[in-house]
Every structure is written in structure tokens, then in C-alpha cells.
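Undergrad: Below, each chain spelled out in residue letters.
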Amino acid sequence: MDSINLFPLYLSLAVSLCSTLISLVIGLPIAYFLSCKRGRVVNFLDTLTSLPIVLPPTVLGYYLLVLLGRQSPVGQFLENSLGIMLVFTPVGVVIAATIVSIPYLIKSSKTAFLEINEDYLNAARLLGRNEFNIFLTIIIPISWRGIVAGLTMCFMRALGDFGTTLMIGGNIPGQTSTMPIAIYNALQAGNKDMANMLVLIMTGIAVMVLFIINSMEQKVKRG
Amino acid sequence: MLEVSIEHNLGSFNLDVSFSLNKGVLGLLGSSGCGKSMTLKTIAGFFAPDNGEIKLNGEIFYSSKQKINLPSRKRKIGYVFQNYALFPHMTVYKNIDYGIKHLKKDERYKKVNEMITRMQLEGLSNHYPSQLSGGQQQRTALARTLIAEPDLLLLDEPFSALDAHVKQLLEIELIELIKNSYNGIVLLVTHDIEEAYRICDQIMIIEKGMNYPVMGKKDLICHPPNLTAAMITGCKNFLDVTLIDESDENLRLQSGRLIFDAVKPVQPVDGMMTAGIRAHHLSFVPKDSVNDNNYAVEVVEVIEGVYSNTIIVNCSGCVLRVETSKTFDFGMPEEWLLHIPAKRVFLIKRDQRDKH
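In order, the protein sequence lines correspond to chains A and B. So in my numbering, the last spot in the first sequence is 223, and the numbers never skip. So in my numbering, the last spot in the second sequence is 356, and the numbers never skip.
It is worth saying that the hints were derived from the structure and are not from the lab. All values derive from a computational prediction rather than experimental measurement. All C-beta atoms, glycine included, are put in the ideal place defined by N, C-alpha and C. Hints are not guaranteed to be accurate.
Straight-line distance between alpha carbons at most 16 Å, and here's what the computed EDC-like set of lysine to aspartate or glutamate pairs gives [claimed, not checked]: (1) B:K343 to B:E249; (2) B:K179 to B:D201; (3) B:K167 to B:D201; (4) B:K179 to B:D151; (5) B:K287 to B:E301; (6) B:K41 to A:E118; (7) B:K217 to B:E194; (8) B:K74 to A:E131; (9) B:K41 to A:D119.
Distance ranges between label pairs, derived from CB positions [as the list claims (entries may be wrong)]: (10) B:D240 to A:K37: 47 to 57 Å; (11) B:I60 to A:A14: 52 to 62 Å; (12) A:T47 to B:D50: 45 to 55 Å; (13) B:S160 to A:F211: 36 to 46 Å; (14) B:A161 to A:T47: 31 to 41 Å; (15) B:H127 to A:G170: 24 to 34 Å; (16) A:Q71 to B:K101: 50 to 60 Å; (17) B:P88 to A:K37: 21 to 31 Å; (18) A:T47 to B:S160: 38 to 48 Å.
Here chain A stands alone, though its shape is the one from the complex:
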């Protein structure tokens, strides 16, 4: 039996963590903006941020290639001026994972923000706080459950992405092949032990995350 190469696991975990963090930093302000403003720009942004949920992953990957590939203006700029290559690199994989997973965080947080009673915010305003301060002291603490739920879905979606990652990152063992791609590779190569092992690990992680969420929810209910 070949020794099992666990690099895909490390890569997947690192990529998912990175993309979840990026989603948090970019997604929360977007969710807040979408929850408190109205108008055409907001509707457009809302649709745009939901698009990755409904688009097939390969289509999404294709768009990303067109947008960020070596032939695109953005890709050329990054390559010529900064020496950064996105396509077929781990950075590209992170971008792909972020794009497919960020809508889940935005949707979940936005719903949580919208449920907050406007009176809380008005009370805080009259007590002399500015909007950013209110965001940190009132909005986030009240809606943290929705945000955590969004983060979890975001993480799992990033962990499990296949199509978009394959389009952008390719399938370079030891560099860009994440867990789902490694499972596919193992199956293609007839390495059943490897495939079984990786599938078990993935299932284990999924069950564990669900377990953590459930026990957290129960704690909140009891507390």
C-alpha cells in the first residue's frame, strides 16, 4: 500500500480558512450595506453576489479565467507589474473558493441584520454612538448566530469546491489539487485506498462541523 499523501488535506483546510476569512472581511460590510440601503445599485449588487450560488461551478470558473487569466488585462497587469500569477497557483485556488463561498456568508448575515429591530439602532444613535460603533457593539453581537451559520456554510462550501477550483487552479498534485480533486484523481488512478481514506476524512470533517454547530446552538438556547 502506498503511503497516503495528506497534502490535499492541508491545502484544502488552508484554502478554506483563508477564503472564509476573506469572506468575513469583505462579506460582512457588503451584507450590512445590502441590509440597510435600498435602490437599483443595491438590487444589482444583491443579484451579483447571489450569482455564484446558481451558476454552474465550471461556468463560474470560466468567467474567472476570462477575468483573471494571463490574457486578461487584470492578469497581465498582475503578472507584468507585480509578478503575481493567479491561474494554476494556490492563490488562484483561494480566489475560486472565496467566490463560490462568499454568497453564503452574505445571505446569512444579511438576513440576520434585517431581523434586528430598528429601535435598537435608533436608541444607540441617540445615546451618542456613530454607525461604525453601533455596527460593532449592537449589530454584530445581536446577529452573531446568523454570521456564524454563514461562516460555517462558507467554510464547508470552500472545502468542497471542485469545478471552479479545477478551472482556475488546474490539477497540479502537490500544488493546487485540493481534497475533492485528489479524490477524483485517486479514483481515476484506481487507488481505492487513497480515495476511501480521503472520502472518510471529508465526511469526518463535515460531521464534526455539524456537531459543533448543533452543540453551540443548544448552548445558546440553554443560556
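Given chain A, put chain B in place with the hints provided.
TA: Just chain B, lined up with the frame of chain A:
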């Protein structure tokens, strides 16, 4: 000194409110959806009106002409919300502390504890709002508001979320607390004339987005300026009358077959008039009484209430509601006459429903 003059299009009607107030407690009275809460929210700065000006002690909060719209956080306004809007994730202590974060730590500690004592919240500082009773929540909300030392205190139906039996107790308590710890201007929004009368010095009626002038509460009850004011303040008996005679003191009025006297109002009334008389001012007197304005009546219906009974009578073709005490025993209706006290009759010019 609070000066408000605002116009705002609310879709179904226009909010058009203007008044000014030097001090004391002013009740904004009106039926639900008349714009009274909206007025409060506009003063607090949650909405900008289309037009107008809001000034407090000379400081401009809002002016459409000068393009000034001071954000809520700079207005120094205290606001007690209908559901109190206590922050659910913070303890009583942290809720009260929220508005004075700019002060030093030990000073804050002192102030919060002082406020907790004054609002009788001892022992509750580590409780969350969901663990408090309605009255405790209300006091916490008041504490949170008053600790920031606002220049203006706005109360938005503060008793509507409470059960009837605790409502009156809390009302007395709240007024005491406010009078002892606050001496700025207070605006109270309510739809209940009894509540407004008990709490406020002055009352302003709002109807369909328009306000009537600010009036002293006694004056408003004795001499309502118009039909709406009379109805909102609980008057049930209205008679369309014509003037048939007048002496130095009295007017003789006729409504259908009923002829009665009313004391001459200070401001002369002429033309089409409506006479109003409150149900609790009407009374029954024994048949042999000699004073004026006594009439034989036919009882139509007796409605029993908790604290008083309402007797609906037909008096020479006019249907009137008479409120009597529970101890009043009617016995034989023929034994009694209905007495309309001339002093208590007020006159309103008919169709005087427009503003001012």
C-alpha cells in the same frame, strides 16, 4: 424652548405639525396612525422631514432652508421606546452604561450605580432584559436615557406594552421618577386621554397629520376648540343647536324639540353650532327639583361598566349618554329628571374642523 415646524409627505396623508413649548410635559394625543409617533421620530432625527425646522434652546436640529440635519447622536435627546428597545445582549448595568462611554471609568461606575439606586433597580444589574418584568424594563430604559442627561425627553406610548393592572402603578412611579430626576421638556405620545390628562400639563391633539394648538389640559376638557378635540377627549354627546334667545349670562339653545340653557362662552359663537356635553356631567335629579335645565326622559338602555354605568336616554327626541355612579339606584324612571348643567355645556362652531 422647543420649536417644531415640519412638513412631510407620508403617502396616505401629509404630516404638517408646528408647535412650540417652553417647559413642562406636553401630551401628543391622537388616534393610531395619525402621525404622532412620526412627529416624535422626526424630532429625534430618525427621519428627515421634507420641509421645516426643528430647534431646541436655540440650537438648530433640522432646517430645510439652511440645509442642516444634525444626526441623532448629536441631538442630546432621550427617548423611551414603546417596547423600550433595551439591548438584549447586554445586562442592565451595560445597558445603562452604554450612553456614557466617553466618561472616565470610575466616574461611569459611580453614575451607573447612582442611577440604578434612583430607579430602584438594585440587585438587577447583572440581569438581562429578558429576565426583567415590564416595570423593571421600563425603569431600565428610563435610566439608560436619563444618565446621558438629555435636553429633551421623548416618551413614545411608554405604557402600551404593559398589563392594565400594573399600568396605573407604573404611571405614578414613572411620573415621580421623571419629576425627581429631570427638569427639561418632556413630550409624551399617547392615544389615551386619561393617561395624557394624568401625566401632562398641556395637551396637543394631532389628527391626520395636522396638529391643533397646544392647550392647558383643563382648558381642553372644558372648552375643546373643535369637534375632533371634543371627541378625542372622550365627549359622547353632541347636539346640533340653533340660538333662539340670549340673556347677559346665558344662551338659550334649541335642538329639535329640546330647549336648554348654556352659559355664554368667552368667545362669542354664532352661526351653525354644535353643543357638547360630557356624559359624566349629566345627572339625574329628583322629580321635584326646582333648578333649570331639567327634563323628563325615557330610558333607552342601561350599559353596566366596571366603575360606572352608562344610561342612554331619549330626551325630547335627543339621544344622550349619561354616566352614573354604580351606587346610583334608578328605581322608577318616572321619579327622576335629567339635569343638563348650563356651565358644562360647551359650544363648537360647526365645520370648524380645519386647522386653527
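Undergrad: Is K179 (chain B) close enough to D151 (chain B), meaning Cα to Cα at most 16 Å?
TA: At roughly 14 Å apart (the allowed maximum being 16 Å), D151 (chain B) and K179 (chain B) satisfy the hint.
Undergrad: Okay, H127 (chain B) versus G170 (chain A) on CB: inside 24 to 34 Å?
TA: Violated, since H127 (chain B) and G170 (chain A) (Cβ atoms, about 58 Å apart) do not stay within the stated range.
Undergrad: Do the beta carbons of T47 (chain A) and D50 (chain B) sit within 45 to 55 Å of each other?
TA: Because 31 Å falls outside the window, the suggested range is violated.
Undergrad: Need the status of pair K41 (chain B), E118 (chain A): alpha-carbon distance at most 16 Å?
TA: Between K41 (chain B) and E118 (chain A) the Cα gap is close to 12 Å, so the pair holds against 16 Å.
Undergrad: Taking the beta carbons of P88 (chain B) and K37 (chain A), is their distance inside 21 to 31 Å?
TA: holds, 25 Å
Undergrad: Holds or violated: the 50 to 60 Å window for the beta-carbon distance between Q71 (chain A) and K101 (chain B)?
TA: Given about 54 Å between the Cβ atoms, the range holds.
Undergrad: Holds or violated: K41 (chain B) and D119 (chain A), Cα atoms, limit 16 Å.
TA: The hint holds at about 11 Å.
Undergrad: 38 to 48 Å was suggested as the range; check whether the CB atoms of T47 (chain A) and S160 (chain B) agree with it.
TA: Holds - the Cβ-Cβ distance for T47 (chain A) and S160 (chain B), about 40 Å, lies within 38 to 48 Å.
Undergrad: With a cut-off of 16 Å on the C-alpha distance, tell me whether K74 (chain B) and E131 (chain A) pass.
TA: At roughly 13 Å apart (the allowed maximum being 16 Å), E131 (chain A) and K74 (chain B) satisfy the hint.
Undergrad: Is 36 to 46 Å respected by the C-beta to C-beta distance linking S160 (chain B) and F211 (chain A)?
TA: holds, 45 Å
Undergrad: Hinted pair, alpha-carbon criterion (16 Å max): K217 (chain B), E194 (chain B). Please report holds or violated.
TA: It holds: about 11 Å lies between the C-alpha atoms, which stays within 16 Å.
Undergrad: For the pair D240 (chain B) and K37 (chain A), does the Cβ-Cβ distance stay inside 47 to 57 Å?
TA: holds, 54 Å
In summary, the numbered hints that this structure violates are 3, 5, 12 and 15.
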